[in-house]
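J.: Residue numbers (my numbering), protein chains in the order written: chain L, 1 to 283; chain X, 1 to 283.
So the derived list for chain X, only partly shown, Cβ under 7 Å to chain L, looks like this:
1) 125
2) 184
3) 187
4) 189
5) 194
6) 197
7) 203
8) 207
9) 229
10) 247
11) 250
12) 278
Derived from the structure by calculation, the hints contain no laboratory data.
Quantities reported herein were computed from a predicted structural model and do not represent experimental measurements.
The beta carbon of each residue, even a glycine, is placed where N, CA and C say it ideally should be.
What follows is the residue order along each chain.
There are 2 protein chains.
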Amino acid sequence: MCSFNMRLFNKVVIIGVGLIGGSIGLGIKKRKLAKQVIGISRHKKTINSAKARGAIDFGYLDLSAVSQADLIVLATPINSIIQLGLKISPLVKPDALITDAGSTKKLIVKALEKILPNFVGAHPLAGSEKQGVMNAQADLFCRSLCVLTPTAKTSKAALNMIKRFWMELGAGIVYLSPGRHDKFISYVSQLPHIVAFSLIQSVPHNSLYLASTGLRDTTRIAASAALLWKDILFTNSENILDALEIFSRSLSRIKSAIKQKDAQALERILRQARQKRQNLGLE
Amino acid sequence: MCSFNMRLFNKVVIIGVGLIGGSIGLGIKKRKLAKQVIGISRHKKTINSAKARGAIDFGYLDLSAVSQADLIVLATPINSIIQLGLKISPLVKPDALITDAGSTKKLIVKALEKILPNFVGAHPLAGSEKQGVMNAQADLFCRSLCVLTPTAKTSKAALNMIKRFWMELGAGIVYLSPGRHDKFISYVSQLPHIVAFSLIQSVPHNSLYLASTGLRDTTRIAASAALLWKDILFTNSENILDALEIFSRSLSRIKSAIKQKDAQALERILRQARQKRQNLGLE
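Make a model of the complete structure from these sequences and hints.
T.: Structure follows, in structure tokens:
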């Protein structure tokens, strides 16, 4: 269900071939979506790994290859996406499509849609706490959602092709404005990360050996890359601070119920939580 | 590695044949640790399910069967363990061994070691957010830890046999005083549950459809049984309130770093969290 085998592009250039960029490359290769996949990285080692994994055909340390691309995917850490967009804008073909994989969208879309007329912001909701092209998977996006964040300025033709591209990689497509995306994602992704970071930090070292699946699951994403997440959190701080406020209120309600031995209140909260989690479905 | 096939007991009575009691029954049967496994439940339906699953040989709605038992396992929800211990104490053979599977130990051990001389408190650190004997597994305890909480009053002979019993079910044994157990477990089990309950409650309904593996994993245990967890939280409230305090401080540190755009502080915290989570090892 996840492969259609239809060539969409001649040359795709992926800038940043880590977990996400590498998985995009592997996904394109597996489904033969492009004749050629070119990877760009600042590190020779990364290019070699990406080639060895079969995620790219050729790799370069500089940006000049973007001039031949039909599709350019900005798959670097979030704090370099805007700069890269600015750098490639004088180099790209006028009809080249550009998309990205940044976890927050408002700042990126605002900056890049001005200078790259065929830019369509994207956030594939797939990933892992494990970094690097060695953890990349051709099917990483299969059965996941990819949020596209078109605006009034977005070219309809570009949107259709970018939608097609992410769909062929296996993702279901969701449209949200950049602002709504950033608000929603602060709750479903960034808040859980902050909670996981805080949780693992609160557990005293002398009790860690007792950790069972409960603590392991709740803190798995605390092993996510620090540098990457620092930048993600900074690019969406307003929404995140709101989400933290809401979370603190939820926590306070449970705390009060425990403190006051209010069995009815506590049971009601836990029942609601259970119901809501069960409605999430699918394990 | 998990089965030794050595009969330890003639008759084992398990009171409460849900996920834990049912898994104990299945584990005993699989490893032939007893000649006969008897289940006691307040519900005929539960007994029928347990029999159908092969977790028990016979089942009863009343407690009289404990009088024939060599080993009695109290595997009911935490708030009925003490009452059950009191009820069976005049019925049991003088040399019958008694253990339990309650998630907090101080109150239970204090109450039961007075009246049941061969009682050894236990907390198997295995389980699931899924309840009931239909989710029971013969190998639920394999490669997990089981905390035993002997005190100065605990019979050495009883401790040895109870240790042997949990080991044969596949668990590694850890000794802790009831007090230390309750303190440690508030961090590694009860705090993650409260955090998961609060987290799922804070996510607005209109963004839940975007939930990816991050939110799913961090909130999996929020689907745990409300009634059960209400009682667990109430029996360890002092330690839990301490743990919540520590957690809130961790959370505040991240919040401040985001608010003040303190990149250095945020990166340091996330790096520490990552390191600590990675040291937990094993996925």
